[in-house]
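**Student:** Chain A is fixed; fit chains B and C with the ligands onto it per the hints.
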Amino acid sequence: MSMHCIKVENVTFHYNLQKQEHTIADLSFTARRGEWLAVVGHNGSGKSTLASLLVGLRMPSSGRIYINDIELKEETKWELRNQIGLVFQNPENQFIGTTVKDDVAFALENQNMPYDEMKQRVDRALAMVSMTDYADYDPSRLSGGQKQRVAIAGLLALHPDIIVLDEAMVMLDPKSRRGFMSLLDELRKQHQLTIISITHDMNEAAAADRILVLKKGKVMEIGKPGQIFQREERLDVPFIEALRRKLKKQGSTIPDKYMTEDEMVWWLCR
Amino acid sequence: MQINLQQVTADYQAGPIRSPEILKSISTTIKSGSFTAVVGKTGSGKSSLLKLMNGLLVPVKGQVSIGEIMITSENAKQSVKEARRKVGMVFQFPESQLFAETVEKDIMFGPMNFGVPKAEAKEIALEVIERVGLDATILSKSPFALSGGQKRYVAMAGILAMRPDILVLDEPGAGLDPKGKKEVMDLLHAWHKERGLTTLLVTHDMDDVALYADEVIVMDEGRIVFQDEPERLFSEMTAIHQWGLELPQARKLQIRIEQEANVRLPRICLTLDKLADALIEAGLA
Amino acid sequence: MNKLILGRYFPGGSLLHRIDPRAKLLAGISFIFILFIANNWITYLVLWLFTFTMMKLSGVSIRIYLRGVRPLIWLILFTVSLQVLFTAGGEIYIDWGPITISSFGLINGLYIFSRFTMIIFVSTVVTLTTKPIDLTDAINYLLQPLKRLKLPVDEISLMLAIALRFIPIILDETQKVMDAQRARGTVFGEGSLPQQIKKIVPIFVPLFVSSLGRAEDMANAMEVRGYQSNNPRSSFRRLQWQKTDIAALFAMVLLAVILFILRTEGHHFH
Ligand SMILES: Nc1ncnc2c1ncn2[C@@H]1O[C@H](COP(=O)(O)OP(=O)(O)O)[C@@H](O)[C@H]1O
Ligand SMILES: Nc1ncnc2c1ncn2[C@@H]1O[C@H](COP(=O)(O)OP(=O)(O)O)[C@@H](O)[C@H]1O
Ligand SMILES: [Mg+2]
Ligand SMILES: [Mg+2]
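Chains as they are written, first to last, in the working numbering: chain A, 1 to 270; chain B, 1 to 285; chain C, 1 to 270.
Everything labelled a hint here was simulated from the structure, so no lab data went into it. All C-beta atoms in this analysis are idealised placements derived from N, C-alpha and C, irrespective of residue type, glycine included. Do not rely on the hints blindly, as some may be mistaken.
Said to hold, decoys possible - Cut-off 20 Å, straight-line C-alpha distance, at most; resulting in silico cross-link-like pairs (EDC-like, lysine to aspartate or glutamate):
| # | chain 1 | residue 1 | chain 2 | residue 2 |
| --- | --- | --- | --- | --- |
| 1 | B | K252 | A | D262 |
| 2 | A | K119 | C | D134 |
| 3 | B | K181 | A | E204 |
| 4 | C | K198 | B | E101 |
As the list claims (entries may be wrong) - Some residues of chain A that are not near chain B, with every Cβ distance over 10 Å (derived):
| # | residue |
| --- | --- |
| 5 | T30 |
| 6 | G34 |
| 7 | N68 |
| 8 | W78 |
| 9 | M113 |
| 10 | D123 |
| 11 | D133 |
| 12 | R188 |
| 13 | D256 |
Bound conformation, chain A alone (with noise of 0.2 Å):
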């Protein structure tokens, strides 16, 4: 098996066939087994419809996309629906079961599994996401935070090798955000899964391996925060980078060069 879970070659994919406009245009990536790839861009740069892509909801107009290698196809989406799951940003719309434990079992009753294996793998998923003391109850009984807790675990318990986050924060809270946070890159350093996720929060984006810059539909950047966050032109920017180019206007003698948290810390305590 490469080191590539995720491979996308020059990927077009319109909405309207009527209209020349595509919705992406030529994109081409790749993920690594293990990585944290943050996809950033404006509203309607086509975050979604790329998440769409991955998970084979929709097939590209033109090019190809390999998950571990093999072609995401019509035939093989539902084979390969098992190795890449996708988040979406409404806790609520994506809860289908009535009871926790229930929703977690959804994925697995697909798959026509036997239910002493369903009980010990939704266990097994809802003590990863320390759901357990809640798995009997009702999805209106919980916060934001454990929903979107509850769609990782109904993912985990496929055992995927990806999931991909579609702004699934943005209608938490900044506590459970970092806790949710914290929990993925937990469970993705355990398991070696591969994370994708669309954000806004230049924050989290700034703690992810690599950054995707999407800008109509296509890759504008891609590449370590470091380098994405070091171009004077982006505008949204981590706070300590936002922070070191104010210093840096104000005659400061800080380097000209993007800074983590902690390096800068150390900067000003040198």
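**Tutor:** Just chains B and C with the ligands now, kept in the frame of chain A:
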């Protein structure tokens, strides 16, 4: 326009089962012309507090005064109508309230409900759509054909068209990209200043509190537990933790720097600009 | 606002809550048939005793049951008065041609009234003590034989379960949209009928739009998690027969037997 709450208790009555008290004996005054942020954990009663302002939630006990208008459980039917004329409310994800065939009609809906003649409502629609930075040609389009960001602006224009004296905002920037969110907040803030409005803003983003608010109310379990300037709030470290709040990013970094460098910056810094100034002043940068 | 009790679930841990939904559903249906065995005051007394015992066992206060009958009271009284006015026989108290008030009429009216209220009470007992989703499972189970007729029983149950999931969400949403339009000056429940109908548009359109969005999200979430409508699925939800369930059904048989013994032979009011 000043807002005054006296010993207000409120709950939601859902069918035959009455909910427990959601707001518990709240008393406060919100000064005319102030920009007040309302913060607190999810479920602490922030949205319910806002709903008191225009009678979407009516006090069971106590009274709410909006300028001269007084809302109590007895006179609610009449007073609430008057209050809604004065209070413009931008809900969370306000684009979900759009319904008319054209943007223009949707914006005219509010003013016309309050008896503004059609011709005048049309003029107002044109004025506010330009004020929110959209092109006048959008007026004849269907609101459902617009992008997410544009829908949000149209919904806000529909509220501004009512010419409220009090603006009540429930997380107006939620779900937008950072640039879009900043534009929305700046627009509302500018409107607040221009018109001398009294504004209440519910937010989870402490940077918004730092940037825009001159006063902050903290809600916890249906009570107001704090009301003062943001600087005061963000120096109460233990209480902040207890109320489930965060610090603004600048303040968080300030505290880390002060600890690791073992220095004290000259003042409490809540925004990036103030922190940059203080760091330079203290000779750290 | 919503005063109807019938069809609501009341969380609790009573004996009735713990009985298998299939047993409860069967018992509820059989009660309707058993009602028709009764034909004299002693059998009706037994039924009333049974009904009150069930209401007590449910752990829900009698007041709530009474409130549940209130919306239907006019329908009941109308039917009862027809019975009273058009039944002749026994001692005649008032006689205006076809309209008579007789002792048979009064007794018959009382019986009809009892039947109505007991049906409402007992079905309320069933719905108050059974989660809607469990009822769906029970219906699914009882409908299984219809699969032989190529009826998509499992699909229907899944749709029903999802619909149940969405009811509270949609009610919540309705509340939000109504609040938003109220804030823009709409006063609901005022004005002439055409005016009132016009006010529905600003609620209905946003609800329709958001429901479409939710439905699409939900369909996508189901597909991403591998749901294909014609594939065989296993079921994670388990219904388990216990001794109490057998006992419950046995109690119904016993009730029927008692009524048979106590009913008046061959002597009917109809
Ligand atoms: N179902 C759809 N049908 C037609 N156009 C769509 C659909 N979904 C999205 N679009 C359009 O495609 C573009 C990209 O949308 P999207 O992928 O949702 O962007 P993002 O998630 O980055 O905000 C937008 O211009 C949007 O209007
Ligand atoms: N329409 C309603 N009916 C019943 N309870 C409600 C309703 N709206 C909110 N609540 C309850 O009121 C409490 C406060 O809610 P809310 O004012 O929305 O808090 P916040 O905006 O701070 O999250 C919560 O416990 C919530 O469950
Ligand atoms: Mg999107
Ligand atoms: Mg709220």
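**Student:** Hint by hint, say whether it matches the structure.
**Tutor:** Structure-based check of all given hints:
1. For the hint linking B/K252 to A/D262, the alpha-carbon distance of about 13 Å falls within 20 Å, and the restraint holds.
2. Annotation: proposed proximity of A/K119 to C/D134 holds, straight-line Cα distance about 19 Å (limit 20 Å).
3. A distance of roughly 17 Å separates the Cα atoms of B/K181 and A/E204; the hinted pair therefore holds under the 20 Å criterion.
4. For the proposed pair C/K198 and B/E101, the alpha carbon gap of about 14 Å is at most 20 Å, so the pair holds.
5. No Cβ of chain B approaches the Cβ of A/T30 within 10 Å, the least distance being about 25 Å, so the stated non-interface status holds.
6. The Cβ of A/G34 sits about 28 Å from the closest Cβ of chain B, beyond the 10 Å cut-off, so the non-interface label holds.
7. Even its closest Cβ contact with chain B, about 32 Å, leaves A/N68 beyond 10 Å, as expected for a residue assigned away from the interface.
8. Every Cβ of chain B is farther than 10 Å from the Cβ of A/W78; the closest lies at roughly 31 Å, confirming the non-interface assignment.
9. At roughly 35 Å from the closest C-beta of chain B, the C-beta of A/M113 stays outside 10 Å, upholding its exclusion from the interface.
10. Listed as a non-interface residue, A/D123 keeps its Cβ farther than 10 Å from every Cβ of chain B; the least gap is roughly 28 Å.
11. Look at A/D133: its CB is around 19 Å from the nearest CB on chain B, clear of 10 Å, so calling it non-interface holds up.
12. At the 10 Å boundary, the C-beta of A/R188 stays outside the reach of chain B, the nearest C-beta of that chain being 24 Å off.
13. No Cβ of chain B approaches the Cβ of A/D256 within 10 Å, the least distance being about 13 Å, so the stated non-interface status holds.
Consistency with the previously given hints is maintained throughout, with no hint failing.
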